[in-house]
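On the provided structure of chain X, position chain H as indicated by the hints.
Chain by chain, the residues:
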Amino acid sequence: MLQKLRNFLVDKRFVQKREFLKSLSIFRGLSNRELGQLLQMFHSRTYHEGEPLFLEGDIGRALFVVESGRVELTKSGPDGRPQKLAELGPGSFFGEMALLEHLPRSASAVAMQESALLLLYRSRLDEILDSYPHIGIAIMTHLARLLSARLRRASESLVSSSGEPRGSTPA
Amino acid sequence: MQAAGRRAPRFSWPAFFAVIALLYFFYKIHAVLIPFVLSFALAYLVDPIIHHFEADGLRREHIVLALYCVIAAGIAMAANFLLPAMMSELSLLQGRAGIYYAAIQHAFSVFQADLARRMPFGQYIVEKMSMRMYNPLMEQLPKLPSYILGLFPLFSLIFLVPFISFFMLMDAERLMQDAIQACPSRRVEQVLHIVDEIDALLGNYVRGLLIVAMAIGAASYAGLLLLGVDYALGVATLSGVSSFVPYLGAILGALVGGLVAFFQFHTFAAPMKVIALFCGIRLADEALLQPFISRHAMHLHPLLFLLALMVGGKLFGFVGLLFAVPAACIIKVLIAVAWDYHSSQTQTSRRLTLNGVEVPYI
Numbered sequence: 794m795l796q797k798l799r800n801f802l803v804d805k806r807f808v809q810k811r812e813f814l815k816s817l818s819i820f821r822g823l824s825n826r827e828l829g830q831l832l833q834m835f836h837s838r839t840y841h842e843g844e845p846l847f848l849e850g851d852i853g854r855a856l857f858v859v860e861s862g863r864v865e866l867t868k869s870g871p872d873g874r875p876q877k878l879a880e881l882g883p884g885s886f887f888g889e890m891a892l893l894e895h896l897p898r899s900a901s902a903v904a905m906q907e908s909a910l911l912l913l914y915r916s917r918l919d920e921i922l923d924s925y926p927h928i929g930i931a932i933m934t935h936l937a938r939l940l941s942a943r944l945r946r947a948s949e950s951l952v953s954s955s956g957e958p959r960g961s962t963p964a
Numbered sequence: 009m010q011a012a013g014r015r016a017p018r019f020s021w022p023a024f025f026a027v028i029a030l031l032y033f034f035y036k037i038h039a040v041l042i043p044f045v046l047s048f049a050l051a052y053l054v055d056p057i058i059h060h061f062e063a064d065g066l067r068r069e070h071i072v073l074a075l076y077c078v079i080a081a082g083i084a085m086a087a088n089f090l091l092p093a094m095m096s097e098l099s100l101l102q103g104r105a106g107i108y109y110a111a112i113q114h115a116f117s118v119f120q121a122d123l124a125r126r127m128p129f130g131q132y133i134v135e136k137m138s139m140r141m142y143n144p145l146m147e148q149l150p151k152l153p154s155y156i157l158g159l160f161p162l163f164s165l166i167f168l169v170p171f172i173s174f175f176m177l178m179d180a181e182r183l184m185q186d187a188i189q190a191c192p193s194r195r196v197e198q199v200l201h202i203v204d205e206i207d208a209l210l211g212n213y214v215r216g217l218l219i220v221a222m223a224i225g226a227a228s229y230a231g232l233l234l235l236g237v238d239y240a241l242g243v244a245t246l247s248g249v250s251s252f253v254p255y256l257g258a259i260l261g262a263l264v265g266g267l268v269a270f271f272q273f274h275t276f277a278a279p280m281k282v283i284a285l286f287c288g289i290r291l292a293d294e295a296l297l298q299p300f301i302s303r304h305a306m307h308l309h310p311l312l313f314l315l316a317l318m319v320g321g322k323l324f325g326f327v328g329l330l331f332a333v334p335a336a337c338i339i340k341v342l343i344a345v346a347w348d349y350h351s352s353q354t355q356t357s358r359r360l361t362l363n364g365v366e367v368p369y370i
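As given, the protein sequences belong to chains X and H, one line each in that order.
794 is the number of the first residue of the first sequence in this note's numbering; add one for each residue after it.
9 is the number of the first residue of the second sequence in this note's numbering; add one for each residue after it.
Treat the hints with caution; some may be incorrect.
To be verified - Lysine to any residue pairs mimicking SDA-like chemistry, simulated, CA-CA at most 20 Å apart: (1) K797(X) / L66(H); (2) K281(H) / L233(H); (3) K810(X) / M184(H); (4) K322(H) / P254(H); (5) K810(X) / I58(H); (6) K136(H) / F116(H); (7) K797(X) / D64(H); (8) K322(H) / A39(H); (9) K810(X) / L41(H); (10) K322(H) / I58(H); (11) K340(H) / H350(H); (12) K810(X) / G929(X); (13) K815(X) / Y925(X); (14) K322(H) / A344(H); (15) K136(H) / A124(H); (16) K810(X) / H60(H); (17) K810(X) / L66(H); (18) K805(X) / H60(H); (19) K810(X) / F835(X); (20) K815(X) / L66(H); (21) K340(H) / S351(H); (22) K805(X) / P254(H); (23) K805(X) / D64(H); (24) K805(X) / H350(H); (25) K810(X) / D64(H); (26) K805(X) / K136(H).
To be verified - Under 10 Å between C-beta atoms, here's a sample of chain H residues computed to sit facing chain X: (27) H59; (28) L66; (29) C191; (30) A208; (31) F324.
Simulated from the structure, these hints should not be mistaken for laboratory data.
No residue lacks a Cβ here, since even glycine has one placed at the ideal position from N, Cα and C.
Chain X on its own, in the form it takes in the complex (with noise of 0.2 Å):
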């Protein structure tokens, strides 16, 4: 009785997409509601495939999750020609620096096959951590870590490339 009841109020898609969003690691430590919060912060869209998502350029302005299908990365090779960098599936997120700075992107997205994904817009972040500092937080210290993880990587690409370190190590 109680499980018609609650099957009858609670809205089994939402609970899905929240599921989807609870097994991310940008967004480990949340509790359900704040991941019902966020939720609602994204917009959701199916691409077909071949669709671009962005091309190279492109002025970055939106989070990308992948929530179903395949979406293929690449990036113009010295002779113009694309050159894959990645292929992602559900659960994989790019495009999050689009959250801290309008610059163009440096690679292109497209979908591989039909692909759902979910969109967190800036303005809508802004709206999180002005509403929802602690949800605000989880996504800005994962946003942090991983932009520590591209600048230790860029600095050991420095240091493999020159042979000897300049200046300070970025911690």
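Below, chain H without anything else, positioned relative to chain X:
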């Protein structure tokens, strides 16, 4: 590295004329749109409540239905108290209209006589004033109660607006989703940019406006009751409703409340107290409510604010005054977004690099 497939936005004359034609069409049918615009405002007002429960995974349609039941119960309770009080004030006004008419006529005659005696060309000024202002005013004054009663058909909006809002609340998310789906894939981010900016701005504006209107109405009613002024509910309602137009609520409240107090107590002290009350309410609004409400609202320069009100009033009358400021804010958002795109599109392909090593940015 050259941006693949990136083109500078180009001005399109057909699109420009299509927008102008659409605006003209809306201008011609604006009277029909009023219930829809009000419904839109109501939907914005109650949407945060629905969002609050939706975050727990509850179905939207159930929340909307439950909310409507609660609001209907609240309105029924309020009407039980307010409607008899309002009707008694109106019948009192209708009964005393003749007395007020005579009192104003007497006050004006005394003023005229005084002016004619003391001022050079006083008699000439009095005659001109009588012809241009006094006579038309006095012809209309006895009709005031019937004008107020004539506003009652507007109460049909009370039923129509929640009805339209219901469907807006039920289907808004789906319509939005469909619109995003229909967008060309590469334009989704841009469309979201515009939609989110306007959504946040309008939501804050509408909610702020309603909070201010209710606070001013309640404070006016309490204050006028304390001062013992007649028609406290009517004046407070007028003040609350007219405060949708910035500053108008306090001004009308002070003016009408002051007149009522003057004819009721026959002293200058009484209207001064009413004026002081509305000045206090205005200051309290500015000091206590506005900092909280306008925290996220868009700020217009006072001159733009005034211009928006004048243009809105000229084009659409009272309704134009109501919606002038949000419309101006939307225009400002669109300009800001367009400028943002222009600067983004024209900026050089700046890359994040560290000693020549490019930091990936996707």
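So, going through the hints one by one against the coordinates:
1. Only pairs whose Cα atoms come within 20 Å are accepted, and K797(X) paired with L66(H) is accepted, the gap being roughly 14 Å.
2. Using a Cα cut-off of 20 Å, the hinted pair K281(H) and L233(H) holds, with the two alpha carbons roughly 12 Å apart.
3. This hinted pair checks out: K810(X) and M184(H) have alpha carbons roughly 18 Å apart, not beyond 20 Å.
4. With a CA separation close to 16 Å, the supplied pair K322(H) and P254(H) stays within the 20 Å bound.
5. Between K810(X) and I58(H), the direct Cα distance comes to roughly 18 Å. Compliance with the 20 Å bound is thereby established for this hinted pair.
6. Taking the CA atoms of K136(H) and F116(H), the gap is about 14 Å. The hint holds against a cut of 20 Å.
7. Taking the CA atoms of K797(X) and D64(H), the gap is about 17 Å. The hint holds against a cut of 20 Å.
8. The hinted pair formed by K322(H) and A39(H) meets the criterion: a straight-line CA distance of about 14 Å does not exceed 20 Å.
9. Between the alpha carbons of K810(X) and L41(H) the distance comes to roughly 37 Å, so the proposed pair goes past 20 Å and is violated.
10. With a C-alpha separation of about 37 Å, the suggested pairing of K322(H) with I58(H) is violated against the 20 Å cut-off.
11. Between K340(H) and H350(H) the alpha-carbon distance is near 15 Å, which keeps this suggested pair within the 20 Å criterion.
12. Between K810(X) and G929(X) the CA atoms are separated by roughly 19 Å; this keeps the pair inside 20 Å, and the hint holds.
13. Between K815(X) and Y925(X) the CA atoms are separated by roughly 17 Å; this keeps the pair inside 20 Å, and the hint holds.
14. For the hint pairing K322(H) with A344(H), the CA-to-CA distance comes to about 26 Å; that exceeds 20 Å, so the pair is violated.
15. Using a Cα cut-off of 20 Å, the hinted pair K136(H) and A124(H) holds, with the two alpha carbons roughly 12 Å apart.
16. A C-alpha spacing of about 17 Å is found between K810(X) and H60(H), which places the hinted pair at or below 20 Å, so the restraint holds.
17. Of the supplied pair hints, the one linking K810(X) and L66(H) holds, its CA atoms being roughly 13 Å apart against a limit of 20 Å.
18. For the hint pairing K805(X) with H60(H), the CA-to-CA distance comes to about 17 Å; that is within 20 Å, so the pair holds.
19. With a C-alpha separation of about 11 Å, the suggested pair K810(X) and F835(X) falls inside the 20 Å cut-off, and the hint holds.
20. Distance restraint check for K815(X) and L66(H): the Cα-Cα separation of roughly 18 Å lies within the 20 Å cut-off, and the hinted pair is therefore satisfied.
21. With a CA separation close to 16 Å, the supplied pair K340(H) and S351(H) stays within the 20 Å bound.
22. For the proposed pair K805(X) and P254(H), the alpha carbon gap of about 44 Å is over 20 Å, so the pair is violated.
23. A distance of roughly 11 Å separates the Cα atoms of K805(X) and D64(H); the hinted pair therefore holds under the 20 Å criterion.
24. Only pairs whose Cα atoms come within 20 Å are accepted, and K805(X) paired with H350(H) is rejected, the gap being roughly 42 Å.
25. Taking the CA atoms of K810(X) and D64(H), the gap is about 12 Å. The hint holds against a cut of 20 Å.
26. Simply put, K805(X) and K136(H) have alpha-carbon atoms about 75 Å apart, too far for the 20 Å limit, and the pair is violated.
27. For H59(H), the shortest C-beta to C-beta distance to chain X is roughly 6 Å, which falls under 10 Å, so the interface hint holds.
28. Look at L66(H): its Cβ gets to within about 6 Å of chain X, closer than 10 Å, so that hint holds up.
29. At about 8 Å, the closest approach between the beta carbon of C191(H) and any beta carbon in chain X falls short of 10 Å, and the interface hint on this residue holds.
30. Contact between A208(H) and chain X, as hinted, is supported at the beta carbon level, the nearest pair being about 6 Å apart and thus within 10 Å.
31. Look at F324(H): its Cβ only gets to about 30 Å from chain X, farther than 10 Å, so that hint breaks.
Hint compliance for this structure: hints 9, 10, 14, 22, 24, 26 and 31 are broken, all remaining hints hold.
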